[in-house]
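*Asks:* The chain contents come next:
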Amino acid sequence: MSDKKTNQVGDTGHVWDDNLRELLNEPPRWWMISFYASIAWVLVYFLLYPSIPLINSHTKGIMGWTAINEYKEDLSKIEQVRAPWENKLKGMSAAAILADSDLTNYTISSAKVLFGDRCAACHGAGGAGNPGFPVLADDDWLFGGSVESIQESIAGGRQGMMPGYASQISATEIDELANFVMALSQGNGDSQPAGKALFDSSGCSGCHGADGAGMHMMGSANLTDGIWRFSSQDQLESVKYTIANGVNTGEDTARNAIMPSFENQLSAGDITKLAVFVHQLGGGQ
Amino acid sequence: MSTAKNDHPDTHIDALYHEVPINTGGETIHAKRAPGLFRTLKWYGSSIWLIFFLGPYLRWDGKQAVMFDIPGRQFHIFDITILPQDVWMLALVLLFFALLLAAVTSIAGRVFCGYFCFQTAWTDVFTWLEEKLEGPPLQRRKLDQAPWTSKKIRIKVIKHAIWILIGLLTGISFTLWFGDAPTMWKEYLTLQAPLFAWVTVGTFTFFTYVFAGFMREQVCFWLCPYARLQGIMYDCETILPTYDDRRGEPRGKLKKNVDENNQKLGDCIECKQCVAVCPTGIDIRDGQQEGCITCGLCIDACDVIMDKIKRPRGLIRYASLDEMEGRPQPTILKRPRVLVYFGIILFSIAGIIYGLNTLGALELKVLHERQPLFVLQSDGSIQNKYVLKILNKTDTVMQVNVSATGHPDLKLVGAEEPLDLPNGRVSPYTVYVRIPNAKLTQDTLPIYFRVQDVTTPEHAVEYKSMFFSPKK
Chain P
1 MSDKKTNQVG DTGHVWDDNL RELLNEPPRW WMISFYASIA WVLVYFLLYP SIPLINSHTK
61 GIMGWTAINE YKEDLSKIEQ VRAPWENKLK GMSAAAILAD SDLTNYTISS AKVLFGDRCA
121 ACHGAGGAGN PGFPVLADDD WLFGGSVESI QESIAGGRQG MMPGYASQIS ATEIDELANF
181 VMALSQGNGD SQPAGKALFD SSGCSGCHGA DGAGMHMMGS ANLTDGIWRF SSQDQLESVK
241 YTIANGVNTG EDTARNAIMP SFENQLSAGD ITKLAVFVHQ LGGGQ
Chain F
1 MSTAKNDHPD THIDALYHEV PINTGGETIH AKRAPGLFRT LKWYGSSIWL IFFLGPYLRW
61 DGKQAVMFDI PGRQFHIFDI TILPQDVWML ALVLLFFALL LAAVTSIAGR VFCGYFCFQT
121 AWTDVFTWLE EKLEGPPLQR RKLDQAPWTS KKIRIKVIKH AIWILIGLLT GISFTLWFGD
181 APTMWKEYLT LQAPLFAWVT VGTFTFFTYV FAGFMREQVC FWLCPYARLQ GIMYDCETIL
241 PTYDDRRGEP RGKLKKNVDE NNQKLGDCIE CKQCVAVCPT GIDIRDGQQE GCITCGLCID
301 ACDVIMDKIK RPRGLIRYAS LDEMEGRPQP TILKRPRVLV YFGIILFSIA GIIYGLNTLG
361 ALELKVLHER QPLFVLQSDG SIQNKYVLKI LNKTDTVMQV NVSATGHPDL KLVGAEEPLD
421 LPNGRVSPYT VYVRIPNAKL TQDTLPIYFR VQDVTTPEHA VEYKSMFFSP KK
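From first to last, the protein sequence lines are chains P and F. If you read the first sequence in my numbering, its first letter stands for residue 1, the second for the next number, and so on. If you read the second sequence in my numbering, its first letter stands for residue 1, the second for the next number, and so on.
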């Protein structure tokens, strides 16, 4: 059908390879309509939206649309969704949040990002701990596992202290002491009477308690359980090192165990949220 | 193709076009409307669509009986509430309809197209209106060609207005299935409906108007996949509206005062009534073809003529190819294809019935915390953390007890008191399982959680999870 037409259509007079003529066929009407429609579309678009670059600026468009405004609008929409929860949480204590399971769930979801940004680098995702950094998901707390204590730890930071004993007692005594601490963690401290005597006489019990269970007041570690503040493949060597060099003494050889303060970095509300989050990791008391 | 050189390719194609006239929409088909059995059946078939228009107003227990609540992610069908978790049944519903189409098509052709399809049903209503307003086909053709007088404009404006109104009603009725019907009507009438509803109504109105008003049979010819699909489901045993050419041929005009027996003509008197009534404008006497929607209107038309000329009815009738060829026709139950189709249909029905009966009141998923997998507690036990996601599918608040089994020294922490479950949503609860490390003999241990309604203990679910501990 259309083949017949082509014979009647004129050409531009350009002929290549003897018989290839350039025909003067009109484009189909639908094509022309879409062509003009797209020109109209461009004009409308240029009027409505930022379009033409000028030397120092650009045309703004009637609608005043900008990408950053759209982003801000979207953000405010999210904040609107959160607002009823956030308003409820305002001024609430961590303990009060924990009493309400819906609020607790919201707080955990919303504090996840905070924990990832501020805490997970040292304490591991999910509070799994890292070498040299305490596990937050267990029930062994240096400074107490109540949500108030946790909140205090986050806000004010923590820094325990243990003197190094290398200059005060002999290497053999350190070995005996370490053997006693190892036995204590397995529940049979009595099997190491020499170490036990040293434990009492060298002043260890002053901080770690007469039974070695630690004190939250001072952040001294509980030595009677299987959880180590400074764990290692060779735990005995690790214990000896800690006894010899101490913790946070200021010496280069000492163990370093400082939890920074977040009071000036996070709002009080965020700290409360984080306290709830950490409390719910698995070991809160 | 050495011979093709000499032939002009165009002549072949032209010959094909002449062989079967193809309607590309250049001419509007104005089909004649004749009464008869199949005409009546078509009305009955189309009237099933009244459910589409009236369904949203059905009430049940003070609520809309059938509602597809997309934002709330719930389907309400009378007493039953189906949540996304049960949507696997939708697959069976789709399977049911797909196989029903296949089974019906293999037995009696395009029953769907002819009697039920929204395209042909809406077109039928549109042309019925056209006939009421503009008169029978001949008059309609004349009117189309007539110059634009005030009368023509008036008739056309009324017709298109009613068409658009039907389209609008179609669109609105569709949206009513997804929300509370009276509320949505109020929103439409006060122009307060959400943008998405307007867009849906607009789309439906536009396509109803264009498809049923203008494109009509072209939708069946060029757009509809089912038209193509069903054609390949026929076999020699499928009954279809068929022209009995042994009886009809040679066809010829019936002449008065001529001895019938001397004419040696068949029963077809070339009155072309079968063509005149065909909504897709085909000639059934050319045999089975893609344009035939098997609506049977040509059968009605032909039977009237056969009665008039005192010949037996059924020159065009529902018949299989086997019947036409004089071969024996097996009964439906002896046709393997039909049996397989019905077997699958029964399977899907059984599945849906099973699903509806075991919808259950509770659903439980247990997520094991992976960071950390396990934690050593100060009492020497290993603790694993789990999040129980409990879905309460009933419409009342529930209280459930949680228990865990899998180890004799296991201790479940965090679910000592019964847990509250608000209705219709998933409630997450964190629980801990502790087992003394000394009592564990393997790294992993299966743990079974059980959630049980306090008041109705039959409402219970179990879920298997794992307990992880340090390498042994």
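There could be a bad hint or two in this list.
As the list claims (entries may be wrong) - Think about it this way: if two alpha-carbon atoms lie no more than 25 Å apart in a straight line, the pair counts; the simulated DSS-like pairs of lysine-lysine are:
(1) F:Lys253 to F:Lys334
(2) F:Lys389 to F:Lys272
(3) F:Lys156 to F:Lys186
(4) P:Lys112 to F:Lys365
(5) F:Lys308 to P:Lys112
(6) F:Lys272 to F:Lys308
The hints are simulated quantities; they were obtained by calculation from the structure and are not laboratory data.
*Asks:* Evaluate each hint against the coordinates.
*Replies:* To see whether the hints hold, each was checked on the structure:
Simply put, F:Lys253 and F:Lys334 have alpha-carbon atoms about 42 Å apart, too far for the 25 Å limit, and the pair is violated. Of the supplied pair hints, the one linking F:Lys389 and F:Lys272 is violated, its CA atoms being roughly 69 Å apart against a limit of 25 Å. For the given pair, F:Lys156 sits about 31 Å from F:Lys186 by alpha-carbon distance, which is inconsistent with the 25 Å threshold. At most 25 Å may separate the alpha-carbon atoms for a hinted pair to count; P:Lys112 and F:Lys365 meet this at roughly 21 Å.
Taken as a hint, the F:Lys308 and P:Lys112 pair is broken in the structure, with Cα atoms around 85 Å apart against an allowance of 25 Å. Annotation: proposed proximity of F:Lys272 to F:Lys308 holds, straight-line Cα distance about 15 Å (limit 25 Å).
Consistency with the previously given hints fails for numbers 1, 2, 3, 5, ordered from lowest to highest.
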